[in-house]
Amino acid sequence: MNFLALFDLTVLDTTLRLAVPLLLACLAGLFSERAGIFDIGLEGKMLAAAFFSAAIAAVSGNVWLGLLAGIGASLVLSAVHGLASITFRGNQLISGVAINFLAAGMTVLIAQDWFSQGGRTPSLTDGGRFGPITLPFADAFSAVPVVGPIYAELISGHSILVYVALLCVPGTWYILFRTRFGLRLRAVGENPAAVDTAGVSVVGLRFVAVGICGILCGIAGAYLATGLQAGFVKDMTAGRGFIALAALIFAKWRPWHALWATLLFGYLQAIALRPDIIEGALGFKVQVQLLDALPYILTVVILAGFVGKAIPPRAGGEPYVKER
Amino acid sequence: MDVMPKWAEVVLVPLISLILAAILSALVILAIGEDPVAAVNLMITGALGSTYGWGYTLYYATNFMFTGLAVAVAFHAGLFNIGGEGQAMLGGLGVALVLLFVDWPHWSIAIIAATLGAALFGAVWAAVPAYLQAKRGSHIVITTIMFNFIAAAVLNYMLVNQLRPKGAMDPATARFPEAVHLPSLHDLLAPFGIAFSKAAPANVSLIIALIACVLVWLLIWRTPLGLEIRSYGKSGRAAKYAGIGSVRITMIAMLISGGLAGMMAINNVMGEAERLVLNAVEGAGFIGIAVALMGRSHPFGVFLAAILFGFLYQGGAELALWTSIPRELIVVIQALVILFTGALDNMVRMPLERIFLALRSARSKDVKAAE
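Residue numbers (the numbering used here), protein chains in the order written: chain A, 1 to 324; chain B, 1 to 371.
Hints are computed from structural coordinates only; laboratory data are not their basis. Keep in mind that this is a model prediction, so the values were computed, not measured. Even for Gly, the Cβ is constructed at its ideal location relative to N, Cα and C. Careful: at least some of the hints might be erroneous.
To be verified - Think about it this way: if two alpha-carbon atoms lie no more than 27 angstroms apart in a straight line, the pair counts; the simulated DSS-like pairs of lysine-lysine are: (1) A/K285 / B/K6; (2) B/K135 / B/K240; (3) B/K166 / B/K6; (4) B/K6 / B/K365; (5) A/K252 / B/K135; (6) B/K6 / B/K368; (7) B/K234 / A/K322; (8) B/K234 / B/K135.
Unchecked claim - Which chain A residues face chain B? A few, computed with CB under 8 angstroms, are given here: (9) D8; (10) A84; (11) S85; (12) G90; (13) L102; (14) V108; (15) Q112; (16) L245; (17) A246; (18) D292; (19) I297; (20) A304; (21) V321; (22) K322.
Same shape as in the complex, but just chain A:
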């Protein structure tokens, strides 16, 4: 038995790649839910962003335009969610369900109309993708034992969006816990009436939060289609929006914990791709279905409060009605 093999560098490298879309979507959900707007439409927003980023990148050959298009598509769905759940005080969960289906249907419909390739975009070539970035001295350091390969292979050599996602963690922490805007955003998720009394617009704050959520989901989707893979395929998010939601609960709505949770779930996805490593390391076979289901099982356990209780923002899911 060789437990260290479970933490093979290639597995950890894949972990990071697979964790990035989860992390971005998780932070997106964090902004929204901290402001009191439940969002089970992360999946749909990511999917829409994945399609539009790949489509525009394929047509224009410019991945940055693709990224912008992805963010734009995600923001449109965010606006729908905001309109339904903030302006018209509808059920946020139902709105999220609708957004997921809207994205699942529209992406294939438009893909078929534009490219006629069975609901996918053409494969992206060099200019249409986010290529790997070699960090400074990666080659020089790679000869150094232990630290060298970790730096050269694990930390260096990812696309720019990976680093953006990682920087979003301290960024989110700073915005939420060290700025006036962050304080108000958290307050609007706990006690909107108090924020209203202080003369700050509840509706405005919640729309901003939903907007930030849209931008982050947009980056997540763009990374899926133009960084992780080279193009859009039907339903390519494959439940990642829901795993991100699970990670958000796992992290108890805190940014740094979101990083650890998404890395854990990313690791589970990465190791599920390498059953040979698991068998070599543990000496027995682990059912791949169990690994697939593990993020969800862990989330249910956490939700059940057997391992520390996860308490959502208090005003989450409830539309705010101004007192007259």
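Add chain B to chain A, keeping to what the hints say.
Below, chain B without anything else, positioned relative to chain A:
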């Protein structure tokens, strides 16, 4: 005091939402360069123009009746059961186990056992989220979503590693024995001299779905338990003061809901495929949400909405066959229906309420003037 008369609440609001969804869908069809009128015509001939079309429409509608009722019962208790998909998957497992491991002499006995098996498995799958909601306060929407994914993994494991016949490649069970094949509408209607397509999958489960509609109506509106469920759904706190236990109602409502979702399996697994395959549910659990929303959680409304979605499903398949419009158009329509009848309900309701208020004040002025 209700601002709107009851007919407006029950008929007008859903109708306007539906029209809005239809207009947007037509725009979508226009945008991809197809003719919406021709598309609707094609859908009508494809889904309702022959007994073959009707057979498929009713087959889909049977699925949606079960899942729609499942969501509706939970809605009445103020619970949002997104887990119909997973519960229906487990229901399929229940049906497969009942039919594969017991030698049934005749389908009429087998269907009773299969219905019970399906309902039991579906209910068990709903019981855990229900218990966690009732006892530990875990949000039932999140847990039922998680249970959908866990159900997919369980089903995958059972089909790939346990139930797959030796030597078979695709993850599916063996075919169910000949004796338990359900009679189709063709077999049922032939004695009455009505010729019905032999190839269409609609079967005797349709009748069970209709009975389920009636039973749910009786339960919700004609029994003390139904009153308790509705009171709890309207106001948990008020219900508590009336001595209605929240744990009890949450559990009962979710068990019924999960059982109904599971029962869908007698239609798609026992009636149509006659074996259990991996993607047997095909999203019907989620369509239940749209059906329940459109049907205003009333069994008769669910019945109508299920027929409508059955029509959309069969019509959509025909569209995909004859035009360049992919099947995903139905997913878009489904999303728009959920959006307008569910989340954007107030967008339709608020202006309508204003109109009715204006009408009422105008009328009372007239009365005063006449005096």
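Hint-by-hint comparison with the structure:
A distance of roughly 61 angstroms separates the Cα atoms of A/K285 and B/K6; the hinted pair therefore is violated under the 27 angstroms criterion. For the hint pairing B/K135 with B/K240, the CA-to-CA distance comes to about 15 angstroms; that is within 27 angstroms, so the pair holds. Taken as a hint, the B/K166 and B/K6 pair is broken in the structure, with Cα atoms around 59 angstroms apart against an allowance of 27 angstroms. Taking the CA atoms of B/K6 and B/K365, the gap is near 23 angstroms; set against the 27 angstroms cutoff, the hint holds.
The suggested pairing of A/K252 with B/K135 holds, with an alpha-carbon distance near 20 angstroms, which does not exceed 27 angstroms. Pair hint B/K6 plus B/K368 holds up; C-alpha atoms about 25 angstroms apart against a cutoff of 27 angstroms. The suggested pairing of B/K234 with A/K322 holds, with an alpha-carbon distance near 22 angstroms, which does not exceed 27 angstroms. Between B/K234 and B/K135 the alpha-carbon distance is near 20 angstroms, which keeps this suggested pair within the 27 angstroms criterion.
This hint is violated: A/D8 has a C-beta 24 angstroms from the nearest C-beta of chain B, more than the 8 angstroms allowed. Because the beta carbon of A/A84 sits about 4 angstroms from the nearest beta carbon in chain B, less than 8 angstroms, this interface hint is met. Given hint, A/S85 at the interface with chain B, holds; its Cβ is 7 angstroms from that chain's nearest Cβ, closer than 8 angstroms. Residue-level restraint check for A/G90 holds (minimum Cβ-Cβ distance to chain B is 4 angstroms; threshold 8 angstroms).
For A/L102, the interface hint holds, since its Cβ comes within 8 angstroms of a Cβ in chain B; the closest pair sits about 4 angstroms apart. Hint on A/V108 holds. Least Cβ distance to chain B is approximately 4 angstroms, under the 8 angstroms limit. Restraint check, A/Q112 versus chain B: the minimum CB separation of about 5 angstroms is within 8 angstroms; hint holds. At its closest, the beta carbon of A/L245 sits 7 angstroms from a beta carbon of chain B; the interface hint therefore holds under the 8 angstroms criterion.
Given the 8 angstroms rule on beta carbons, the hint for A/A246 holds: about 7 angstroms separates it from the nearest Cβ of chain B. For A/D292, the suggested interface contact is upheld, since its CB lies about 5 angstroms from the closest CB of chain B, less than 8 angstroms. The interface hint given for A/I297 holds, since its Cβ lies 6 angstroms from the closest Cβ of chain B, which is under the 8 angstroms cut-off. Hint status for A/A304 relative to chain B: holds, with the closest Cβ pair at about 5 angstroms, below 8 angstroms.
With a least beta-carbon distance of about 11 angstroms to chain B, the hint placing A/V321 at the interface is violated under the 8 angstroms criterion. Interface restraint check for A/K322: the shortest CB-CB distance to chain B comes to about 15 angstroms, outside 8 angstroms, so the restraint is violated.
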